[in-house]
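J.: Each chain, letter by letter, is given below.
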Amino acid sequence: MWNWIQRFSSPKYFYDMSAMLIPWFAISALLVGVYGLYLGLFVAPTDYQQGESYRIIFVHVPAAWMSLFIYMVMAVSAAIGLIWQIRLADMVAAASAPIGASFTFLALVTGMLWGKPMWGAYWVWDARLTSELILLFLYFGYMALQSAIEDQRSADKASGLLAIVGVVNIPIIHYSVEWWNTLHQGATVTKFDKPSMHVDMLIPLLLMAVAFQLFYAAVVLIRTRNEALYRDRNRRWVRELIGRM
Amino acid sequence: MGGYAFFVWTSYALTFVVVIANIVSPIVQRKKVISRIKRTIRREQLQKQDNV
Amino acid sequence: MFNAFSHLLIRDLRLALRNRHELANPLIFFVLVVSLFPLAVTPTPEALRAMAPGVIWVSALLAVLLSLDRLFKQDYEDGSLDQLMLSPNPLMILVLAKVLAHWLLTGLPLVIIAPLLGLFMSLPMEAIDVLIYSLLLGTPVLSLVGAIGVSLTVAVNRGGVLLSLIILPLYIPILIFGANAVDVAADSMSVRGQLLFLGAVLALALSLAPLATAVALRITASR
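Protein chains in written order, with the numbering used here: chain U, 815 to 1059; chain L, 9 to 60; chain Y, 24 to 246.
Hints listed in this document are in silico derivations from the structure and should not be mistaken for laboratory results. None of the values given here were measured: they were computed from a predicted structure. Among the hints, erroneous ones may be present.
Subject to a maximum C-alpha distance of 27 Å in a straight line, what follows is the list of computed DSSO-like cross-link-like pairs (lysine-lysine) [said to hold, decoys possible]: (1) L:56 - U:930; (2) U:826 - L:40; (3) L:39 - L:56; (4) L:40 - L:56; (5) U:826 - L:46; (6) L:46 - L:56.
One chain only, chain U, in its complex shape:
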């Protein structure tokens, strides 16, 4: 069993296998995304309260979901790398961070663009936006620590530990910010909490979420392959591979 895991988690094996997977993920992401966008922008009905501006949720909500999901993936991969010393897991974590940060950024700016028509201001300190902002800081901290430490193994393990500490903190931070926000709500009632959603709006939302997932899968595979090449740059399999290029 352990041999099996070691074989499948070798960077070289991963590099060869992933080449086949990437096109599948990329194309399905494109198809699902286009269909979801079509349904969301042209088929879903106008919202009673928010008019047409609600359509931003079809990118804002999936982006926010991805920002959290990718952080989880980062933390779990880092834990696997730390506990079982599987280098591929460290590579996946490092590869995921910039992707997660970009989705967090997207969630923030689309949240701001949704906020202006809703509340009249681009930025309000509501629970969702504030939590996303803090999540962005957590991503930056991870990436900064990775690049600050020279030795690759130490850098992976240190930033991996930071990711795990961050994951433990995320529920605490989220709860604190929610609680803090209910105190200071004032006139801005957060319309982000959708009570129940019309199914015609729910379906494009879920489709976009799936599309983003498939997109992340494709991109993280490409990035992880780059990490594998770079980290094993002095090993034979890479040298032979590059030599053939």
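Starting from the known structure of chain U, fit chains L and Y onto it as the hints suggest.
T.: Below, chains L and Y alone, put in the same frame as chain U:
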């Protein structure tokens, strides 16, 4: 878009930008990694020739 | 094991007391930064009272952050950290001793001088009480969580800003509940929930932070 055109379309435009950036960046990164390794191979070959 | 703990604690305290003047720095920083706000904004009592909880808490946060360097840097540079890591005693316990020393030297003085700053910022008496309790519960957490950050960055050159970037997001829940406790106490409302939360976070930090710090030290500082 009921007067909200700017907000909705800017959001989707930014989504598009982020998606493109996430595609272009790893591809550029890959090229850089490969060319760097190639340079290292080249340098080592030259050093070997010098040593002979 | 308790011997090692108390020896390390006393050693750290003694070493710090040799540079007595350096000890006052975080304290002076704390008072200085809080004093900047009346100067920068307005000295009217109502405005001061409104911003007091946040200003005092953020300044305390920054003062602790700036002082975290002393936790491991000197030991890393002169080799004592290596000795600690080679010790047969669990590194977790040794870390706890160092963190306790750090808190006694930085956190506790902040708690002691906080009432004065409460007066500076026109806080009513009930709020000053709660200020002390909240800082008493919060500053140990700041030292404990701060230790994780320091251990991750101890081998990085000029890692000070990196340390802040890593730790400040983790400090946010403590800041929220600590400052809020003082805020509602000034309006004579119950602060039980907030203080219980701070207590719970302290318990969590006491059990997990030394472990995380020990793991981080073995990652970054073993040679």
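J.: Under the constraints set out in the numbered hints, which ones does this structure not fulfil?
T.: 1
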